[in-house]
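**Q** First to last, the protein sequences are chains E and V.
Convert by adding 1 to the 1-based position in the first sequence; the result is the number in the numbering used here.
Convert by adding 1 to the 1-based position in the second sequence; the result is the number in the numbering used here.
FYI, nobody ran anything at the bench for these hints, they're computed from the structure.
One thing to keep in mind: the hints can contain errors.
Copies of the same chain look alike in the list, so a pair counts if it works inside one copy or between any two.
The calculated lysine-lysine pairs, modelled on BS3-like cross-linking and capped at a C-alpha distance of 30 Å, are [what the hints assert, rightly or not]:
{"#": "1", "residue 1": "Lys310", "residue 2": "Lys364"}
{"#": "2", "residue 1": "Lys646", "residue 2": "Lys669"}
{"#": "3", "residue 1": "Lys82", "residue 2": "Lys182"}
{"#": "4", "residue 1": "Lys697", "residue 2": "Lys224"}
Number of protein chains: 2
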Amino acid sequence: MQTVNAKLVYNFEEANASMRDLLGGKGANLGEMTQLGLPVPPGFTITTEACRYYSANNAVPEALLGEIKVALAAMEKKVEKRFGDPARPLLVSVRSGAAVSMPGMMDTILNLGLNAETLRGLVAASGDARFAWDAYRRFVMMFSDVVLDIPKARFEKIFTDAKRALGVKLDTEVPAEHLEKVCGDFRALVEKTRGETFPDDPWTQLTLAVEAVFRSWNNDRAKVYRKNEGISDAMGTAVNIQAMVFGNLGLDCGTGVAFTRDPSTGENALYGEYLMNAQGEDVVAGVRTPIPLAELRVENPAIYDEFCKVGERLEQHFHDMMDLEFTIERGRLYMLQCRVGKRTGAAAVRMAVEMVGEGLITKAGAVQRVKPALLDQLLHPRINESDKKKKGVTAIATGLAASPGAAVGRIVFHANDAVAEKAAGQKVLLVREETNPDDVHGMLSAEGVLTARGGKTSHAAVVARGFGIPCVAGCEDLHIDEEAGTMVVGDRTYHAGDFLTLDGTTGAVYAEALALEPAQVTGDFGTLMSWCDEFRTLGVRTNADNPRDAAQAIAFGAQGIGLCRTEHMFFEADRLPIVRDMILTNDERQREAALAKLEVVQQADFEGIFRVMDGLPVTIRLIDPPLHEFLPSFEDLVKQVTELKLAANVLGGHAIEQLLDEKQALLKAVEFQRESNPMMGMRGVRLSIMMPGLVKMQTRAIMRAAIKVKQAGIEVLPEIMIPLVGHINELSLVKGQLEQVAREVLAEAGVEVPYKFGTMIEIPRAALTADQIATEAEFFSFGTNDLTQMTFGYSRDDAEPKFLKSYVDMKVLDANPFETVDQIGVGRLMRLAVEEGRKARPGLKCGICGEHGGDPESIAFCHEIGLDYVSCSPFRVPIARLAAAQAALKAKAGEASQASGE
Amino acid sequence: MQTVNAKLVYNFEEANASMRDLLGGKGANLGEMTQLGLPVPPGFTITTEACRYYSANNAVPEALLGEIKVALAAMEKKVEKRFGDPARPLLVSVRSGAAVSMPGMMDTILNLGLNAETLRGLVAASGDARFAWDAYRRFVMMFSDVVLDIPKARFEKIFTDAKRALGVKLDTEVPAEHLEKVCGDFRALVEKTRGETFPDDPWTQLTLAVEAVFRSWNNDRAKVYRKNEGISDAMGTAVNIQAMVFGNLGLDCGTGVAFTRDPSTGENALYGEYLMNAQGEDVVAGVRTPIPLAELRVENPAIYDEFCKVGERLEQHFHDMMDLEFTIERGRLYMLQCRVGKRTGAAAVRMAVEMVGEGLITKAGAVQRVKPALLDQLLHPRINESDKKKKGVTAIATGLAASPGAAVGRIVFHANDAVAEKAAGQKVLLVREETNPDDVHGMLSAEGVLTARGGKTSHAAVVARGFGIPCVAGCEDLHIDEEAGTMVVGDRTYHAGDFLTLDGTTGAVYAEALALEPAQVTGDFGTLMSWCDEFRTLGVRTNADNPRDAAQAIAFGAQGIGLCRTEHMFFEADRLPIVRDMILTNDERQREAALAKLEVVQQADFEGIFRVMDGLPVTIRLIDPPLHEFLPSFEDLVKQVTELKLAANVLGGHAIEQLLDEKQALLKAVEFQRESNPMMGMRGVRLSIMMPGLVKMQTRAIMRAAIKVKQAGIEVLPEIMIPLVGHINELSLVKGQLEQVAREVLAEAGVEVPYKFGTMIEIPRAALTADQIATEAEFFSFGTNDLTQMTFGYSRDDAEPKFLKSYVDMKVLDANPFETVDQIGVGRLMRLAVEEGRKARPGLKCGICGEHGGDPESIAFCHEIGLDYVSCSPFRVPIARLAAAQAALKAKAGEASQASGE
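Only chain E is shown next, with the shape it has when bound in the complex:
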């Protein structure tokens, strides 16, 4: 058994923002606010270490209870109330708070300390029996849900029935005596369900609540959230125990949440929502639609003013946009929480850029602050306005613009349906009355989220923004019946499967699938990107197989093409038959003729790309996949031949016989090309060695295109890349043949075009023998998809559906290695190849063109091992620019701290 020697409880006065790991974010910042002299109700925090001890030993550390008692006594003194005292009862809130903010994921209990006796005291103190009984009602419900594991819904049903019997709608309309009856029913439910009475002793309530928070660290919702956010399960949560203040003591009370700037747009103006005569949970739960904070200025200018100053003070103090929770108790402001605010990509960019202008942070700080993954939102498609105009479509409803970006998809009403439909290849929108934590997996599978209730800080809005999913929330014109599977707007009814388009930037909802278009890198975004370019040393190229993608990437700041896959061009409908002829013929002349036809179209493809790239380097990979990818399906042919054989036997006839012969010949040809493990078979350079005509044709097409474009006055920098090399001899053989072709074509035209021959490093052996390979290769490009496949021995197609997802869930792997480079295995090969390759060829240009080239963590690794550039899909180019800049800044900071001997 572990032992804990450290101090387990800290009063807020003893805490500060640097103690995050020990006290959680909430506790550390409550401490910091206390230190700043802000109006924080007194309280204390139980450390994450106590939680870790609990997780390991399934019991609280011995010393804990004593420490809590001491801290509680200090709190009693400050508020001049006593815990469990019927006369002046002290009530507390118990809240979890991990080092990393996990909104909506952990559980909270308010009004703890209430029982029949203290309730009387509360009635006396507040002079409001309705308030006191309502507080008790909430407490029993929350406590029973969190601690006693009795679903909230069962209590809500009792309360709803009571309201219905009374004929009232609002909670506040229920008189005290009815609330007392409801509370009695609640306690009866507890007794019936658990076989024991609801605990009345405040100390018992408190210790049970603390344990429940510890337990809740490992509940399923928390685990799912942590998995999605990459948060370690080992951290544990702190517990904050704080004297209650009440926002629901009357109309001079209230509660709210606010951001010091708009978390959606980034606008520099206090932004938030509040409700008068309500407790905190009423705002975030979306039960009542809250009021914009601006109205508080009218309603209570003094409080508003005070709050503005607090916000400003905190922003200056934390140098960042802050997310605040406050309560007004009888006209007095209390700060209940502050934390760095979550924000959309657009807001992150705007705030970062504006804060530099305000002198709040530096450019480097701005660049380091924006999460690369958030940019993805800015690169989300938006509605193509001309398509909308052309179609004459207008919005059927408008809700809150809760998470920006447009999304098109079919309606689904249930999270599980979203997951299933997505797995079946459908794009869906999750449409809910409101969402709750049980819907998160469905939100992650949806293109966008639409809710009828809840504000911009509702669950749906917060989660959607966090994950960069477009969201329209609180769209009150919608009448959603999830059970029936209908969404009614006015007199029209929509069903599951119908298409909608959401605009999370404006809040508009369209009953049609509109065309979307990508975003531009302009304004603040452009500014931030230009700062990134000042800091980063890693080049950013793009993977593009056609002029359209190339142009998009250039618009996003790509500095060249790192991977142009030539075989995609073969799949186009007009070319596939020629490619098949080329593969299937045994006649050398027929093959030559097919290649000649392909050369013409390939040359045109390359011309288009070279024109767009306008002098930037273009790395073209020669044909890579096995030839059978271009042939008809083996399975279909087996079926056809079997059918035709039966038909020939039963019916006979010349036509059937002839067709059978043809299909049999085709089947034989397909069979010949078939492989047990095509990923590791006859492809890449192997194909080029066994069938050199194809790559010679491609080289001619590349060089002829280059000549033509050059003759039109545009610079061209082709880099011809030979894939799947595992042995230096493969490279030297093919390179020798192709260089001859290139020289011949150039000599014939009498034009000089600079060109390079290089290779992919995607076979482990290529990395292991990089020193040899670099003697022939003028550049390396890491094909980390295949390199990962072979280093792990994973066929991605098989591994992902069959075991890789389970591996990540079971923590066998920390991450899917096809998404983030496995630094210790695959990365070791990469590092070694760069080092040894450059030893053999100083200054050898090294890049990466696997999908990892667009993953921020992998980009940081690429910076670390000294790659010259990363190449990624056009839409990830800005992300890569930012990630590259952050990597450079981080490395610089590391060097600086090393230099200063830290």
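Keeping the supplied structure of chain E fixed, place chain V upon it in accordance with the hints.
**A** For chain V alone, coordinates are given in the frame of chain E:
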């Protein structure tokens, strides 16, 4: 252009055995014999450097002709004849001779220097016009074949026609005037074919012949031979020019070849064959059947005695068995060649052991001398005598026991047929009247070779011994008509496709497929093996999946099982249905039931193996292949379902519908298990993680078997091996579960059995993270088959037929990496894994269980990187013991030479 400054021609007096690389083996040893004062006709050698110059420049070095002239003049002086002198003409032989002996592969010209005028001188000098014209006939034919590229067969036809017209059979029966006519016809054929007269000028003849030898270095036969023997194409050949001595000047003349010991059995007795009145080519070509050398003792005791002394002298000098060529000219012995003799595996072993006894070499020398690959012959199956007796089979004919070992196969008459049939999976015997170099590829594809003509030094015999293929030669009772495809023995006719059994150890031929059985390691073989065990430090284990193989391996000296594949046990007919049930069911209870059934049989399997291994370690690999390997063929099911669907549509009926349903369900299940790249899919440890029941069952079966065998008083050392680990977490997860099973089973029985859990290192990532993996693995076993597949990115099944053979032919790869470990790529991973694994777990046991464990070159590498053992198939255990000893001796020699500062 390269230049050559060195001396290009060496007289035999200037040469010695150490100049092999420069003068070729033949030239160096002719020099050595000359230095020893043995009777060698004078001559000189043109260096291999001249040949290399020729290969590079397609022209002889300028200085060469001058040097030849000087050397020729010296020769003329010694023999008191002159080149081109009509009165006392000097005739010479021109022979190639590379540094490494290449029997029958390079071309020879005898009697060079003859023309109309010198012929008259030869007639006068020999007093034998028939002899002189016959010499001219041979010269014209050889020269035309080698230099002028006119096939020998066209000349032979002219000669055969002439003999037929004369009604004679033997060449010696053709009178001089007819030979003159034949020579005229020969010259006419040359003139007609080449458009110019046959060269008469001896100097022209000589220079053309030298060039032809240089050219012949790159002829196809030579290339094929070199490829098979792993000889570098870059070495080049020397050319030996030597004064002719004649074995065909009359009955006091003769020629022969001999070995100082029997190359087939190793017996220490002069062994050879000769022909009186013949030239050397007559002996080796198999035209006349030569006489055993023993008869020379009777016919010419003085010469025999002299020759015996020469043989003894040479053996003492070279410390090895020598292969000699000699000619007797008018009662005088001349030595034409000596070289270390090729030998069978049996002979190599016996000679090595006996020479130690004779004090000629040391034990270490004996061990180092025997080529590991040769042992394969000793391990060749022999005829199972009881099967032969039971079947009452007797030999249909008996020939010469030309290459030991027994072979069973179907008759083929043509080399190409042998290749084609082998490719089709047939075992064949190549049956020929006699073989020639054009048959080599067919011999390599055959289980054995049978010829009707030729002695033990005939082409068939020499080549078969060289490659370790059983051979019966000179089986004169056979009448073979290759064109008709028949072999007649007595009154029975055999056709292509009929079965024969050959016994190359006795010379017997049986007209039936007899059962074969393996050899034993006894006698000299046993002695040599015991010496190996004294020197080697590398352990030798075996790959065995059943008690039979395990027993065989123990008999061959295996020290344990390095790889016991458990899945092979699943393929047995009585088990496969249970395995299929286990895979296909979705019902957990049904699966448990199937596993329970399998556990019983697996336990019995393991008991059998543990009993045989009697306390030696047994490494058992848990299930490795993907489950679909146990299911019916997808293709067959597609066909069946397609047929049944049609039948159901056309005919209908309950039975068809039901069958269709069943097959469709099965197809769906098979489809579910199907993978794009099964080699890299759901198998090995991945399967164990996703479906732990299977390996838990296996672990239970292993431990229960171990307990039972231990209770019977036999020690057991199970080493449970988890395959396909790529990440430490995979290993720790599965190992954790299985250790628990093992402990439970042992606790239940109350028995202690030592056991280990280890892993295969076969995924590149496992090697790269060996330091982590070694923290969990108690041993490593390199699965170099998969490790090679993944490091190269080769699927062996696809690569070998599609490009790997071409890669080796085209020299893209030096060797097939599945046969010999790729030291720089795969080997680097292995070295790294051993080093880093042992850093994490000092003394970590490391072995290899891939096929490379039986390859001598790979074994040497395994020694070098410090493996503890190699594991190979039972029949390769002795080879591995020898290779391991040689590796240890070589390393010791290396250390010694380093220590002495060499």
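**Q** Please sort Lys697 with Lys224 into within, between, both or neither, judging by C-alpha distance up to 30 Å.
**A** between (54 Å within a copy, 29 Å between copies)
**Q** First find the shortest C-alpha distance between Lys82 and Lys182 inside one copy, then the shortest across copies, and answer within, between, both or neither for a cut-off of 30 Å.
**A** Answer is within; shortest intra-copy Cα gap is 28 Å, inter-copy 139 Å.
**Q** 30 Å Cα cut-off: does Lys646 pair with Lys669 within a copy, between copies, both or neither?
**A** Answer is both: 15 Å inside a copy and 24 Å across each meet the 30 Å cutoff.
**Q** Please work out whether the CA atoms of Lys310 and Lys364 approach to 30 Å or closer within one copy, between two copies, in both situations, or in neither?
**A** Cα proximity of Lys310 and Lys364: one copy only (26 Å, versus 96 Å across).
Taken one by one, the earlier hints all hold for this structure without exception.
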